[in-house]
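Residue numbers (my numbering), protein chains in the order written: chain A, 1 to 222; chain B, 1 to 202; chain C, 1 to 248.
Derived by calculation from the structure, the hints in this document are not laboratory data.
Every value quoted in this text rests on a predicted model; they were computed, and no experiment measured them.
Cβ coordinates follow ideal geometry from the N, Cα and C atoms, glycine included.
Derived DSS-like pairs: lysine-lysine, alpha-carbon spacing no greater than 25 Å straight-line:
#, chain 1, residue 1, chain 2, residue 2
1, A, 3, B, 66
2, B, 144, B, 61
3, C, 180, A, 50
4, B, 127, A, 14
5, A, 218, A, 3
6, A, 218, B, 66
7, B, 144, B, 134
8, B, 146, B, 66
9, A, 14, B, 134
10, B, 61, A, 218
11, B, 127, B, 144
12, A, 3, B, 144
13, A, 3, B, 146
14, B, 134, B, 146
Over the 12 Å line for every Cβ pair with chain A, so calculated as not near, a few chain C residues:
#, residue
15, 21
16, 34
17, 55
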Amino acid sequence: MFKIIAAVIRRDLKLAMRRQADIVSAVFFFIIVVSLFPLGIGPEPDLLRKLAPGVLWVAALLATMLSLPRLFADDHRDGTLEQLALAPHPLGLVVTGKVIAHWLVSGLPLALIAPVLGLQFDLSAEALVVLTGAILLGTPALSGIGAIGAALTLGLRGGGVLLSLLVLPLYIPVLIFGAGAVDATVSGLGGEGHLSLLAALTFASLGFAPWASAAALKIALE
Amino acid sequence: MLEADNLECVRGERRLFAGLGFRLEAGELLYLQGKNGAGKTSLLRMLIGLLPPEAGEIRWKGQTIKSDEFRADLCYLGHLNAIKEELTPLENLLAAARLADEDLSEDDAIDALEQVGLAGREDLACKYLSQGQKRRVALARLVKEKRPLWILDEPFVALDVAAVEWLAGIISCHLQRGGLAVMTTHQLVDIPAGTVRELRLS
Amino acid sequence: MKDRFNLYRFASPATFYPLAGAMIPYFVAVSAVFGLAGLYLGMLVAPTDFQQGEGYRIIFIHVPASWMSMFIYLVMAGWAAIGLAFNTRLSGMMAQALAPTGALMAFLSLWTGALWGKPMWGAWWVWDARLTSELILLFLYIGYMALTAAIDDQRRADKAGGLLLLVGVVNVPIIYFSVKWWNTLHQGSSVNLTKSSMAETMLWGMLLMAMCFWMYSIAVALMRVRTIMLERERHTDWVKAELAGDQQ
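Isolated chain A, as found in the complex (with noise of 0.2 Å):
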């Protein structure tokens, strides 16, 4: 079961480490748009750190929902995702592989960088250090979450945006548990309530999204 997880990661990765430009551009756009904020809202120190947070999540989920599109189109494209589905393995496994693939390109960069750009919102060292876990723990779930929604729009015109509407709404918990463990550990109650209940969610997607993601490729490729 392992080796055909890590056949596929092996795969994407190799694939994603001759298309850096798609990463790069994902980073980019998280930091774009980050400062943003600041330029809409104004400097002033009190009200920036107060909706670091937030600001910082939203971002997140902005950059992931413009990679996601790639998951699986690229491969549709020229033919390869048809092969994956005609693998003699459970398709939801293949869909696992490239989900943590997926993480590992996007997710996981934005968890390296989002420290970097919390200092421009003058957060504190437990805050960053608790944004940067929440992130790292939240966004295999963005991850996840968005297979299904690349999944079942796969082909469709208006792809991106489309898919961006199915596809927030569900982010919604994620969010709220990952921008309140922050907000929480700034203002002293501790935030590992909600980092538990962010790792929750993350299980609970990583264990089920593969499979509604898989459910919906085979619609899409009918």
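The hints should help you fit chains B and C onto chain A, whose structure is shown.
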């Protein structure tokens, strides 16, 4: 070994065919023919298990085709080449074999690429190859292919005379080894050896 | 075996079309009766609220609309499950027929919530748990309608929409719980539209209005599903006969 029973196909809101059935044994080749839009590709997609038929059943070795075991015996080549442009021909072949749980050594892969005339280009990313060369990378899969059931959608399209002969030889060897093949094609190619059946969709 | 055969017979659009047509007037009539009774109780009989005056009466629309928006989503998910399990055509059509009405209920709930909120709290919108969840439910409806509209192949649209509904229905409790958590943590204003001890007439009024909306939804969904059937099955003989008959 491959049986189709009473198959019905509805695409969009039109019924393409109904009551379709056939039986294919080891060493046999099935030619699917019919005008464009008659349902050849739909039938192929039913046989590979990606399109559920509106009615009817398909069995492989007496068992359902909705299983990992069936897909382990199946090799499908469609219109699209199913190769990643960023990878080299060698990497493509090795990755495809790995995903299909097949053992393909690097030497065998290089040999296969040599046979399709891509010697010396194994390490060039596929995006730098011509269309014809990309198609040959896709066909190279068949050279070392050990799986018994081949389902090929218009494999001869855009091949020159020598390539057509070569591919016919590959398919013929496969049939001689006891394999089965289902093919759609607009051009009837003479495949030496093996019983040839024809199914015409109208 | 015999029972199952009968059920499948009703699942055929050709059989269901005239049946639906016959049922519609009854549902409309029952809906009107419930509506009149509910409005009578709500507008005239129920006592004036001690704190909120006459304006509170909008809850007789707001609460039933909220209930219906949630209920319709569950029914749609039920049809989705049946459609995916048994591959019946009618299930997908029913889900698509219900969607606009469900979205309307959600929208109505939000709008009446705002109309209620303005005189009471001075704001057109408050981010309380219920209203925010209702807003998210509206997004889920719109997402479903957008997805099914974007797919040309109706069978694929039914299946993809169905899968989306099942994913949504699993997520709705999670979303509601997380929004509630978010709201209590941030100590937002709590728009308490239903008081803990309600006068009995108020409860009856809301129940009657809920029944009214329910019957109305069924009637409208049946009308819509007939149109969908005509559109999708336009190549079949029974539809051609139906349309020819209408033109005579």
